[in-house]
Amino acid sequence: MKHDGQQFDRLPATPDDREVEGRASRREVVDWWHERFGIDPETFDGYTFWEKGKGKIWILRGDTASPIRIEALGMAFLRTRQEHWKPTTNAVQRFGREATRNVVELTREQARTFARGDDQEIDWDGDWGYLVAAHELAGDREPLGVGLFLHGELQSLVPKGRRRDL
Amino acid sequence: MDELERYEPLIEDFDAFREACRRPLPSVVRVNTLKTTVERAKAALDEEGVGWEDREWSETVLELDTDGPGSTWASFHGWIHGQEEVSAIPAEVLAPEPGERVWDACAAPGGKTTQLSALMDDEGLVVANDNNLGRLSALRFNTERLGATNVAVTNRDARNFSLEPFELDAFDRALVDAPCSCEGTVRKNPTALDDWTVNHVRSVAGVQKGILRRTIQATKEGGTVVYSTCTFAPEENEAVLDHALAEEDCRLVEFEVGLDSRPGVTEWDGEEYDESVRKAKRFYPHLEDTGGFFCAKLEVEG
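Chains as they are written, first to last, in our numbering: chain A, 795 to 960; chain B, 3 to 304.
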């Protein structure tokens, strides 16, 4: 079967259930969030995962008919079908509070730079790649979005429409 | 604002009404409980030195002492959403419960959609429809920014909306926040009345009747439909309800909102409407320092 970019298809449960070439499975998606960010797989028990557009994975609370040809379903969650899978800013803001790995805590000034969409040098001796950028707000750690850490620099991947001068 | 003169017979203390329409609106936001609690949102505003004031009628509505609520950390994180006070009314009146299936027939730009999702604790399904493709991007932006994951977005004409893609027989509840002549938004947008004509009012009323009838048909027996507009025109409010009462199996029901209001009107411009339209509520700018609004609650009968 071929991938149809105009409809939402529910992800197969496991790689063995895969019928569309290159499509991620539910298990791989949940495992990726666990391996990369330490997010407990049970976090996603009440959710289904969908592909629409090449490699764009969406998360829906609950379930619905599959396939379904509509404009949007739940929240855009993760980019697959590329070497490094990439979470969305909105997904990290919503689910990144549970992250225990690859979370970089920024000072208020660094958080401002990040929210503006600017890159910055940071002290980080952990993994390279996509990180959850967070700061402390109202007494607890709160995820800001996705950062890409390479060569001592944290790139802010906050999309244009979500950037703010704070 | 001479267009508003036609409502003088309906509105007591018309001068106070006119005065209120000339003043800008207070800065009001809704706390998004999909992403935080009201307490934490207030604490974040405190940290930034942004003053807030509770609104007695709703736990999630706050007035802020800033004109730029979007330039706060609370907004960046999707903890608050700028939403005019009266526009928080219809979702609370619809009062959806977790696990239900709810249709938001005219959903863009999504303030009420995400409020429905929050009232449902993000459990169940909100089908957020809008016929205007240009406004769908704002709807999608807001549902995702505010972290709603139980929302499905469709781009259809609500008047002939099909439930078939969802394999559903009927919704539990539906919200019709209808496209309207927007007279009640003049405090937010002083040019709102520039294109006002009686013909526009009549033509938009025809669309409203079609949408309200379809939402009643698509809602299960015993289910709730809320009809709202941000306009004062009885042609778009009570007359639309009167039409639905005559054509569909439904009745108007009483509801409470802790904001001062006036009942729906039963006579206008030589027309008489069903007595029960009094159960609808008219919210006027001079009563509680808000925008203008109209809201009615219907029960679908078999």
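Check each hint, because a few of them may be wrong.
Stated by the list, open to error - Cβ pair distances, simulated, as ranges:
{"no.": "1", "chain 1": "A", "residue 1": "Val814", "chain 2": "B", "residue 2": "Asp56", "range": "50 to 56 Å"}
{"no.": "2", "chain 1": "A", "residue 1": "Gly946", "chain 2": "B", "residue 2": "Asp69", "range": "36 to 42 Å"}
{"no.": "3", "chain 1": "A", "residue 1": "Arg935", "chain 2": "B", "residue 2": "Asp271", "range": "58 to 64 Å"}
{"no.": "4", "chain 1": "B", "residue 1": "Gly51", "chain 2": "A", "residue 2": "Glu915", "range": "40 to 46 Å"}
{"no.": "5", "chain 1": "A", "residue 1": "Gly933", "chain 2": "B", "residue 2": "Glu58", "range": "22 to 28 Å"}
{"no.": "6", "chain 1": "B", "residue 1": "Thr68", "chain 2": "A", "residue 2": "Gly946", "range": "51 to 57 Å"}
Since the hints were derived computationally from the structure, they do not count as laboratory data. All C-beta atoms in this analysis are idealised placements derived from N, C-alpha and C, irrespective of residue type, glycine included.
Checked hints:
{"no.": "1", "hint": "Val814/A / Asp56/B: 50 to 56 Å", "in the structure": "holds (51 Å)"}
{"no.": "2", "hint": "Gly946/A / Asp69/B: 36 to 42 Å", "in the structure": "holds (39 Å)"}
{"no.": "3", "hint": "Arg935/A / Asp271/B: 58 to 64 Å", "in the structure": "holds (59 Å)"}
{"no.": "4", "hint": "Gly51/B / Glu915/A: 40 to 46 Å", "in the structure": "violated (29 Å)"}
{"no.": "5", "hint": "Gly933/A / Glu58/B: 22 to 28 Å", "in the structure": "holds (26 Å)"}
{"no.": "6", "hint": "Thr68/B / Gly946/A: 51 to 57 Å", "in the structure": "violated (37 Å)"}
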